[in-house]
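Q: Can you build the whole structure from these sequences, using the hints too?
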Amino acid sequence: MFTVRSTVKTITAHVKPTQQLRYKRDKAGLNPQLERIVNQLSVMSAARKQPRLLKLCDEDYIKHRTVMKAWSLYRKNKIEHNESLLEKQYQSMNEAAAELQSINPKLYEIANEHQFGKRFPLEIRTPTDFPPRQIWFYDYFPKVDGSKQQ
Amino acid sequence: MFQQSVRQFSSSAVAQKVGCAQVKPVHHKVRIIKKFLSPKYPELKYEPHDIRSPKYKPYLTTPDRVQDHYFNTLQSDLLLINYRHGQQPIYGNKRRQWDMTSPYHLNRPLRKPKGQIVPSPTIKPRTYENVPRLEGVTLNCFVKDAKLYPAQAISAALQLQQITGCKPKAIFAKTNVPNWKLRPGMKMGAKITLHGRDASQFISTLTEIVLPRTRDFYGISNRSGDRYGNIAFGLTAEEVKLFPEIENNQDSWPQNFGFDITLHTSAQTDADARILLSGLGFPFTGSERIPKTLLNDLVSEEEEISTTQQ
Amino acid sequence: MASTPVSRGIWSNFANRSKSLSVKNPSLQNAILSPNLPKGPSTLKASVNKLKYNSPIGLDKIYPLAYDLLEKRSESIYNEVSKIEEKIKSVKDQSELSKLNKEKENLLIKSEQENPEVVFNSIFQTKSLDRSQPVYRHYLKEQWKSYKRMLTMQRLETLAIIPDTLPTLEPEVDVNLKFPHNNVNTWIEPGKILSSNVTSKPPAFEIIEFKESKDDLYTILIVNPDTPDVQNNTFSTTLHWALKDIKLSNNDSMVDIKKLDENKDSILIDYLPPVPEKNLGNQRFAVWVFRQDGKLNDSITKDSIKRTKFNIREFVAANKLAPIGAHVWRSVYDLNTDNVRKLYGLPAGRIFSRGKL
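Chains as they are written, first to last, in the working numbering: chain C, 1 to 150; chain U, 1001 to 1310; chain X, 2001 to 2357.
FYI, nobody ran anything at the bench for these hints, they're computed from the structure. Watch out, some of these pointers could steer you wrong.
[To be verified] Pulled from the structure, derived: some chain C residues nowhere near chain U, Cβ distances all over 12 Å:
{"id": "1", "residue": "Gly29"}
{"id": "2", "residue": "Phe116"}
{"id": "3", "residue": "Gln134"}
[What the hints assert, rightly or not] Capping the alpha-carbon separation at 16 Å, the derived lysine to aspartate or glutamate pairs in EDC-like fashion look like this:
{"id": "4", "chain 1": "X", "residue 1": "Lys2104", "chain 2": "X", "residue 2": "Glu2085"}
{"id": "5", "chain 1": "C", "residue 1": "Lys69", "chain 2": "X", "residue 2": "Glu2117"}
{"id": "6", "chain 1": "C", "residue 1": "Lys55", "chain 2": "U", "residue 2": "Glu1043"}
{"id": "7", "chain 1": "X", "residue 1": "Lys2295", "chain 2": "X", "residue 2": "Asp2215"}
{"id": "8", "chain 1": "U", "residue 1": "Lys1292", "chain 2": "C", "residue 2": "Glu83"}
{"id": "9", "chain 1": "X", "residue 1": "Lys2102", "chain 2": "X", "residue 2": "Glu2086"}
{"id": "10", "chain 1": "U", "residue 1": "Lys1045", "chain 2": "X", "residue 2": "Glu2142"}
{"id": "11", "chain 1": "C", "residue 1": "Lys118", "chain 2": "U", "residue 2": "Asp1077"}
{"id": "12", "chain 1": "X", "residue 1": "Lys2087", "chain 2": "X", "residue 2": "Asp2068"}
{"id": "13", "chain 1": "U", "residue 1": "Lys1029", "chain 2": "X", "residue 2": "Asp2068"}
[To be verified] One-sided and incomplete, this derived list gives chain U residues near chain C with beta-carbon spacing under 10 Å:
{"id": "14", "residue": "Val1030"}
{"id": "15", "residue": "His1049"}
{"id": "16", "residue": "Asn1082"}
{"id": "17", "residue": "Pro1168"}
{"id": "18", "residue": "Ser1204"}
{"id": "19", "residue": "Pro1244"}
{"id": "20", "residue": "Glu1245"}
{"id": "21", "residue": "Asn1248"}
{"id": "22", "residue": "Gln1250"}
{"id": "23", "residue": "Glu1288"}
From a predicted model like this one, the values you see are computed outputs, not experimental measurements. By construction, the Cβ of each residue, glycine as well, lies at the ideal position given by its N, Cα and C atoms.
A: Written as structure tokens, this is what we have:
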């Protein structure tokens, strides 16, 4: 992929070096353009980013393992709880729709129309750790006319 | 006919071929992994999720805002929006059987689907098990000028890395176009597919910082999409400058490169995917076209009566 | 820094749980049950390493919470176990009973599997594990599967013990083998070539069961499928040692001279040491371990079995033996073989040559 040696080779065809760099591996002899490319490639190289292996003593290894097990168990419980909630919601939606169908078919038809084209409002925000500087726009009204935004 | 002896463990290959087997038969069912038998490199025998392994990589180290937002707010709403009582599966166009009029039809791969080459998937009723979710984001940066100036492919890759914090892969030209001086194998840019937290991080930067400040951006086109829940749009070089990673360090970026963004969702149709993405903060614009087949996914009244009579 | 121990729930209660589910060494136990390391890393040997060592940041904060979560889960599993125990008392149907017992064992494994003390023992103190505990048997089985089982099956296959002696093997037990030639406690690696001095006295076995077993009966055979049969221009099988009705349990798994002396009836055929002929190459000696479903028939005695031209497949079928484990070693003629022959009063060995006989 992106390696210094292969790229410098292909690129030197287009950029003429100012001096021979046969035995020089450092960047000192490169012209600014090549130096820039080498810099860019070295930023992307993974070699320097490999962190050192963490060596734990046996007791701490057991503790770490315990923590990881508990953490995965906690996440599993959370996912299962979430799934059960969704399932319950689905069941009650099903029941309510069936009941409406038997009580009032006309309302049922309106309620059961497809919702393609529906959008969450643009004002919906992904929650953050801290509230925004202006908490609430009191004089805000959403645009409803045929402006370009939908 | 051939009869399998008691001591033969490999079955069909032996039964159908004339001659002798080239692989020595094995007389037991225990799978042998040679790595574990060798005394070399004991640390490489650990599972990658074991902290003693050199392959160990910490994961889920920080909270994921977008993911939390999806599970706390969007998921149950999406279930409600997509739900229709009495929804039926819309069967896709699948590969067909041969009619067996010719003996050559035996063991032939199945026939192409009617009117198309690739079979289309069946669209199942929306339930709590298939609520759409964002699965990943692909950034594809193809630099036209890279055929003349190969260094630009590297700059483009570095730009992607700067924005996403992940390592990009190079993309190469595939075709030979003599007029454009394009030959297969030329390095033409870079791409990344982001998953999980990286994808969430990218999306929140995009929807909260970049898109609101781009001029003349009214939203992703409602016509965009590959029919099966993947929506794509593009950013120009000017818009890329608005990413804070680049904006705060403008001197180092004399040249910027636009790229295409594909949002992969698990939605079965583009219409469902757009509803999900609007909840994640992507605006949509233009008129939306819904295929007719998608609109009639309920049991029709006549059918219902006929089934009850039967 | 003063440390308060982690939660003292079900995992510190030994009223109904075996004492073997805790770490024996008190300082190690203290280290595992404290959020931090009160006396430093005691498993590190060198004092330089001890001084240099730092625990991961924040581990002491999160560990008690993790311990608590897992312990509470274990407690709920123990409640399920006690419910099943109640059920077992009332059920009399045999198949139902075995199903419930199996379920109980699985739950017992699950309840202790993540106990830090148990995990410590089963990773770092494997030699002194209490095999009557299901959880230790579970960890031992995993360990066996990841190395010893693969090694044994590979050697049995490459040395063609299967199918030359028995057609196949589905291993269930770990078979270990050692010879008393020196007092060093060394287990023989499967397939090793041993000198005749080593094999001159009968070996001792360790048969490790991974299911619950109490006074199960086992048969052990040692056969040599490489005995030359010059008349028919082939090889025949010789029976070198046969033991029957050997009683073993989870924590009593050794088969040695001491045990055989106590019940002499279990020796079906006396030990014949390997005495390979000169110029005949390596000879394979296969150890087969079988589980019996009851006592072996009394009609099978020393006289009814022939040592030479022994048909192991016939013997296994006739006695309804289930092969559950195997081992193999190889012997070759060496300078000491003639001494072993003299010791056991065997006739002088033949010398084979390349020429036609």
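Q: Next, verify each hint and record whether it holds.
A: Okay, the hints, checked on the actual structure:
{"no.": "1", "hint": "Gly29", "result": "holds, 18 Å"}
{"no.": "2", "hint": "Phe116", "result": "violated, 4 Å"}
{"no.": "3", "hint": "Gln134", "result": "holds, 15 Å"}
{"no.": "4", "hint": "X:Lys2104 to X:Glu2085", "result": "holds, 8 Å"}
{"no.": "5", "hint": "C:Lys69 to X:Glu2117", "result": "holds, 14 Å"}
{"no.": "6", "hint": "C:Lys55 to U:Glu1043", "result": "holds, 12 Å"}
{"no.": "7", "hint": "X:Lys2295 to X:Asp2215", "result": "holds, 12 Å"}
{"no.": "8", "hint": "U:Lys1292 to C:Glu83", "result": "violated, 32 Å"}
{"no.": "9", "hint": "X:Lys2102 to X:Glu2086", "result": "holds, 15 Å"}
{"no.": "10", "hint": "U:Lys1045 to X:Glu2142", "result": "holds, 14 Å"}
{"no.": "11", "hint": "C:Lys118 to U:Asp1077", "result": "holds, 12 Å"}
{"no.": "12", "hint": "X:Lys2087 to X:Asp2068", "result": "violated, 29 Å"}
{"no.": "13", "hint": "U:Lys1029 to X:Asp2068", "result": "violated, 41 Å"}
{"no.": "14", "hint": "Val1030", "result": "violated, 28 Å"}
{"no.": "15", "hint": "His1049", "result": "holds, 8 Å"}
{"no.": "16", "hint": "Asn1082", "result": "holds, 7 Å"}
{"no.": "17", "hint": "Pro1168", "result": "holds, 8 Å"}
{"no.": "18", "hint": "Ser1204", "result": "holds, 6 Å"}
{"no.": "19", "hint": "Pro1244", "result": "violated, 16 Å"}
{"no.": "20", "hint": "Glu1245", "result": "violated, 13 Å"}
{"no.": "21", "hint": "Asn1248", "result": "violated, 16 Å"}
{"no.": "22", "hint": "Gln1250", "result": "violated, 16 Å"}
{"no.": "23", "hint": "Glu1288", "result": "holds, 5 Å"}
Comparing the model with each earlier hint shows violations of hints 2, 8, 12, 13, 14, 19, 20, 21 and 22; every other hint is respected.
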